[in-house]
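Colleague: Fit chain B to the supplied structure of chain A, relying on the hints for placement.
So the sequence lines, in the order shown, correspond to chains A and B. Here our numbering is used: the first residue of the first sequence is 2, the next is one more, and so on. Here our numbering is used: the first residue of the second sequence is 4, the next is one more, and so on.
Don't take every hint at face value.
[Said to hold, decoys possible] DEER-style ranges, computed between Cβ atoms: (1) B:Ala54 to A:Pro61: 13 to 23 Å; (2) A:Ser14 to B:Gln200: 37 to 47 Å; (3) A:Pro61 to B:Ala110: 13 to 23 Å; (4) A:Ala107 to B:Leu95: 19 to 29 Å; (5) B:Ala54 to A:Arg163: 37 to 47 Å; (6) B:Ala31 to A:Thr159: 27 to 37 Å.
[Said to hold, decoys possible] Pairs of lysine-lysine, BS3-like flavour, derived with a Cα cap of 25 Å: (7) B:Lys36 to A:Lys56; (8) A:Lys115 to B:Lys36; (9) B:Lys14 to A:Lys170; (10) A:Lys13 to B:Lys36; (11) B:Lys210 to A:Lys13; (12) A:Lys13 to A:Lys56; (13) A:Lys13 to A:Lys60; (14) A:Lys60 to B:Lys14; (15) A:Lys170 to A:Lys115; (16) B:Lys199 to B:Lys210.
Note that these hints are calculated values from the structure, not bench results. Ideal Cβ placement from N, Cα and C applies to all residues, glycine included.
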Amino acid sequence: MRAPADHESLFKSWLGEHRGILARVGRSFADCSAEAEDIEQEMLLQLWISLPAFKGQSKPSTWIYRVCLNTALTWRRDDSRRRRHVESRADFGDVAAAASSPAKSAGDREILEKLYEAIRAMPSLDRALVLLLLDGVSYREMSEVTGMTENHVGVALTRARRRLAELMKGTTDELE
Amino acid sequence: MNWNDWEFIWKRQPPPVGASADVAQLAATFEAKRQRMGRALLVRDISESSAGVLVCVFLALFWRRMGPDGWPMGLAIALTLGVIVFFCLERLRAHRGRLGPEAPIAARIARQLAELRRMRRLHYNIIPWYLAPLGVSWALVVFAALRVAARHAPPGYFMDLMRNPATAAFIIGYFVVAVPLCFWGAWFVNRRAVLKQIDPRIEELEKLQRELTPPA
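In isolation and in its complexed conformation, chain A is listed as follows (with noise of 0.2 Å):
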């Protein structure tokens, strides 16, 4: 068992290199912008209680997309906190816009949030999959993630694929 100083290193190291997992993952659960930081603040919370049972037998990439993605399929489900949201319902685009470096084309980022809305508007598991996708984690990996055999991985990345490219065909095509 690690000592509680452990866990803040630990948590520290972690934060400072895998911060972006929980951007996405909030960002692709949520339906605006606020219920994003409240997700992503759920997410850091629920890393930081599962730290102790962290027991490096995985990668701990793969171990925080887990317990993002099941604090956000949770979070889904709890209709009541999204609720909380509708009244302060703002777009993403801000956002996007604040955190761009302006080396960012404009385009890009036009892309990049139609991108977000395409996941928002997929099935859970799919949106998943095609998050863990778009960061390039393995199909091995995904498995370890999800708990579904690397055959059916396979299966269901390629329907989700799909899906994601009828989703944004008409956003490419107005883009080009």
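Modeller: Just chain B now, kept in the frame of chain A:
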């Protein structure tokens, strides 16, 4: 545009806002929150089971005043304690069997589904494990009280009580309306919880589980 373009743009996302937050402060906040959550759970478990324990203590004191004639109170206490023990064991089992968010999604969903189905069964069959023992317990308390009262009350006391319209209305209202209404209320709340909360969650989890299971 194709998948590779999207992937390229995706990977060039800027770092999230607040990525440089003070981790030590975050950890301290989360630790405090974790402890608060743990305390809240403990308080909830204790308060839910202590209500039954308090009823048992009250019944025991009542029995002591009644003397040996109040022996049905012992059975009433045993039945109430039985319900409390069952409740505590259920809670303990649910705590032990819970999978943390670090578990694979499929395993966690399977466990949550099993737990929800069990909860559904318990809520749906609340009569044999909750309402019936408590109902019998309540009947035993009434029986014991009447038995003791009949020994000490002057002859015709109960008939006199029923002749008075106010006390007769109170007694009939209590036994025919209030008590059955309480039991019906408990049954209704549980049935409603199944329909409004548990069933929709089971349906949603089953859908997710179907997606996670390879087609035959």
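Colleague: It remains to establish, for every hint, whether it holds in the given structure.
Modeller: Now for the hints, and whether the structure bears them out:
1. B:Ala54 to A:Pro61: 13 to 23 Å: Cβ of Ala54 of chain B to Cβ of Pro61 of chain A: about 44 Å, so the range 13 to 23 Å is violated.
2. A:Ser14 to B:Gln200: 37 to 47 Å: Between Ser14 of chain A and Gln200 of chain B, where Cβ atoms are some 40 Å apart, the hint holds.
3. A:Pro61 to B:Ala110: 13 to 23 Å: holds (19 Å)
4. A:Ala107 to B:Leu95: 19 to 29 Å: 57 Å Cβ-Cβ, so the 19 to 29 Å window is violated.
5. B:Ala54 to A:Arg163: 37 to 47 Å: violated (55 Å)
6. B:Ala31 to A:Thr159: 27 to 37 Å: violated (45 Å)
7. B:Lys36 to A:Lys56: Within the cut-off at roughly 23 Å; holds.
8. A:Lys115 to B:Lys36: The hint is violated at about 36 Å.
9. B:Lys14 to A:Lys170: holds (20 Å)
10. A:Lys13 to B:Lys36: Cα-Cα ~18 Å, so holds.
11. B:Lys210 to A:Lys13: violated (36 Å)
12. A:Lys13 to A:Lys56: Roughly 17 Å between the alpha carbons, so the hint for Lys13 of chain A and Lys56 of chain A holds.
13. A:Lys13 to A:Lys60: Holds: Lys13 of chain A and Lys60 of chain A sit about 16 Å apart, inside 25 Å.
14. A:Lys60 to B:Lys14: holds (20 Å)
15. A:Lys170 to A:Lys115: holds (10 Å)
16. B:Lys199 to B:Lys210: holds (17 Å)
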